[in-house]
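A.B. asks: Heads up: the protein sequence lines correspond to chains A and B, in order. Numbering of the first sequence is given in my numbering, commencing with residue 1 and proceeding in unit increments. Numbering of the second sequence is given in my numbering, commencing with residue 112 and proceeding in unit increments.
In short, the hints are calculated from the structure, not lab data. Glycine is no exception: its CB is placed at the ideal position from the N, C-alpha and C atoms. Treat each hint with caution, since some may be false.
[Unchecked claim] Below, simulated PhoX-like cross-link-like pairs (lysine-lysine); rule was C-alpha separation at most 25 Å, straight line:
| # | chain 1 | residue 1 | chain 2 | residue 2 |
| --- | --- | --- | --- | --- |
| 1 | A | K17 | A | K55 |
| 2 | A | K3 | A | K17 |
| 3 | B | K155 | A | K71 |
| 4 | B | K126 | A | K3 |
| 5 | B | K182 | B | K126 |
| 6 | B | K194 | B | K173 |
[Said to hold, decoys possible] Derived CB-CB ranges, DEER-like:
| # | chain 1 | residue 1 | chain 2 | residue 2 | range |
| --- | --- | --- | --- | --- | --- |
| 7 | A | K3 | B | K173 | 40 to 46 Å |
| 8 | A | R42 | B | E196 | 28 to 34 Å |
| 9 | B | S169 | A | S29 | 37 to 43 Å |
| 10 | B | Q128 | A | R97 | 29 to 35 Å |
| 11 | B | S169 | A | L62 | 21 to 27 Å |
| 12 | A | R51 | B | K126 | 27 to 33 Å |
| 13 | B | R120 | A | R58 | 22 to 28 Å |
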Amino acid sequence: SQKIEQNSEALNIQEGKTATLTCNYTNYSPAYLQWYRQDPGRGPVFLLLIRENEKEKRKERLKVTFDTTLKQSLFHITASQPADSATYLCALEVVGRQLTFGSGTQLTVLP
Amino acid sequence: EAGVAQSPRYKIIEKRQSVAFWCNPISGHATLYWYQQILGQGPKLLIQFQNNGVVDDSQLPKDRFSAERLKGVDSTLKIQPAKLEDSAVYLCASSLDQIVYEQYFGPGTRLTVT
Chain A
1 SQKIEQNSEA LNIQEGKTAT LTCNYTNYSP AYLQWYRQDP GRGPVFLLLI
51 RENEKEKRKE RLKVTFDTTL KQSLFHITAS QPADSATYLC ALEVVGRQLT
101 FGSGTQLTVL P
Chain B
112 EAGVAQSPRY KIIEKRQSVA FWCNPISGHA TLYWYQQILG QGPKLLIQFQ
162 NNGVVDDSQL PKDRFSAERL KGVDSTLKIQ PAKLEDSAVY LCASSLDQIV
212 YEQYFGPGTR LTVT
């Protein structure tokens, strides 16, 4: 069956370190993979999109990698700050089909 | 640019009652989505509209859920009758069209069914 798995437990890191979040998928051939941020009581906010033919994409302190052989995406936040604390969702899109979300990873950056 | 608006923000009803949620997407966005997000899970698509036509409603429980998007702008999602398992946050999102993949989400409506 199709499955999207993100870090199973919450992630706590120290301010200034790099946070690395994992998104693994099975039985999908996604054309696109997206990352969203969700704060408590709010809707998700789009961060980055990476296509199947792209290995890496960057935006300011954010970096996403996409390995279609390993069926994995890694999401990095460098020089993390307490304001980066939130739940991060990965989402896959197969051509012609809906966007499917993972359950998210709760990140806490400790001052 | 104004974001996606939703109302109400919170709703508490008893099982077997009915409830309706309203969404106003970003101006000019042709595609509108309704998602259900249960606590601890990611959003799950219920229905997708392109203008005022339904593109995908494969995961909408049609025996109790209905949605419409009249005139291709605002949308309403209705549940009748509600069940305990419908307790969740209902998120509305919009995108410029089906081809542009970035989705903009509203704040959601938190529904509690008692």
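A.B. asks: Against each hint, give a clear statement of whether it holds in the structure.
C.D. replies: Against the structure, the hints come out as follows:
1. The hinted pair formed by A:K17 and A:K55 meets the criterion: a straight-line CA distance of about 23 Å does not exceed 25 Å.
2. Restraint check for A:K3 and A:K17: the C-alpha separation of about 30 Å exceeds 25 Å, so the hint is violated.
3. A hinted pair counts as satisfied when its Cα atoms are at most 25 Å apart, and B:K155 with A:K71 qualifies at roughly 21 Å.
4. A distance of roughly 31 Å separates the Cα atoms of B:K126 and A:K3; the hinted pair therefore is violated under the 25 Å criterion.
5. For the given pair, B:K182 sits about 31 Å from B:K126 by alpha-carbon distance, which is inconsistent with the 25 Å threshold.
6. A hinted pair counts as satisfied when its Cα atoms are at most 25 Å apart, and B:K194 with B:K173 qualifies at roughly 14 Å.
7. The supplied range of 40 to 46 Å is broken by A:K3 and B:K173, whose beta-carbon atoms lie about 26 Å from each other.
8. At about 23 Å, the CB distance of A:R42 to B:E196 disagrees with the hint of 28 to 34 Å.
9. Checked against the given bound of 37 to 43 Å, the beta carbons of B:S169 and A:S29, roughly 19 Å apart, lie outside it.
10. The hinted window of 29 to 35 Å between B:Q128 and A:R97 holds, with their beta carbons roughly 34 Å apart.
11. Restraint check, B:S169 to A:L62: a C-beta distance of roughly 32 Å breaks the suggested window 21 to 27 Å.
12. Separated by about 44 Å at the C-beta atoms, A:R51 and B:K126 break the suggested range of 27 to 33 Å.
13. B:R120 and A:R58 have their C-beta atoms about 35 Å apart, which leaves the hinted 22 to 28 Å range violated.
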